[in-house]
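**Student:** At position 56 of the sequence shown the residue is numbered 56 (the UniProt record's numbering), and the sequence of numbers has no breaks.
Dumping the calculated DSBU-like pairs for lysine-lysine here, alpha-carbon to alpha-carbon at most 30 Å:
{"#": "1", "residue 1": "Lys30", "residue 2": "Lys90"}
{"#": "2", "residue 1": "Lys30", "residue 2": "Lys72"}
{"#": "3", "residue 1": "Lys21", "residue 2": "Lys72"}
{"#": "4", "residue 1": "Lys102", "residue 2": "Lys90"}
{"#": "5", "residue 1": "Lys43", "residue 2": "Lys30"}
{"#": "6", "residue 1": "Lys74", "residue 2": "Lys21"}
{"#": "7", "residue 1": "Lys30", "residue 2": "Lys89"}
{"#": "8", "residue 1": "Lys43", "residue 2": "Lys21"}
{"#": "9", "residue 1": "Lys43", "residue 2": "Lys89"}
{"#": "10", "residue 1": "Lys74", "residue 2": "Lys30"}
{"#": "11", "residue 1": "Lys21", "residue 2": "Lys90"}
{"#": "12", "residue 1": "Lys74", "residue 2": "Lys43"}
{"#": "13", "residue 1": "Lys43", "residue 2": "Lys72"}
{"#": "14", "residue 1": "Lys89", "residue 2": "Lys74"}
{"#": "15", "residue 1": "Lys74", "residue 2": "Lys90"}
{"#": "16", "residue 1": "Lys102", "residue 2": "Lys89"}
{"#": "17", "residue 1": "Lys43", "residue 2": "Lys90"}
{"#": "18", "residue 1": "Lys89", "residue 2": "Lys21"}
By construction, these hints were calculated from the structure, which means they are not laboratory data.
These numbers come from a predicted model, not from an experiment.
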Amino acid sequence: MDKELLKGSTPLVVLSLLQNKPMYGYELMKEIEVVSGGELAFKEGTLYPILHHFEMLGYVTASWSSGAGSRKRKYYAITDEGRAHLVTKKREWRAFRSAVEKFVGEEFA
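Construct the complete structure from the given sequences, taking the supplied hints into account.
**Tutor:** Following this line, the structure appears as structure tokens:
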């Protein structure tokens, strides 16, 4: 997948997953891959800077918790501000997708 396409959709994808439940970074990466059928694969160098940025903006909170085998994991949970941002991003995505579809839809095939 083109990195530029992926870059623009990353915030939307991450916040969309976090609206369902808090998740830790590796779990997010795997869930993105599974849900997208392998079409999207985020690397640590892409995902963690976004999570830290979202934390600074107040879109997510982070907390440490022990996972299986008492391994500590940092879980990210969406905040009310993050949910509001997600609503805006979804609206923008729909408008963008609709506009681009006019150029790449059936009539241009």
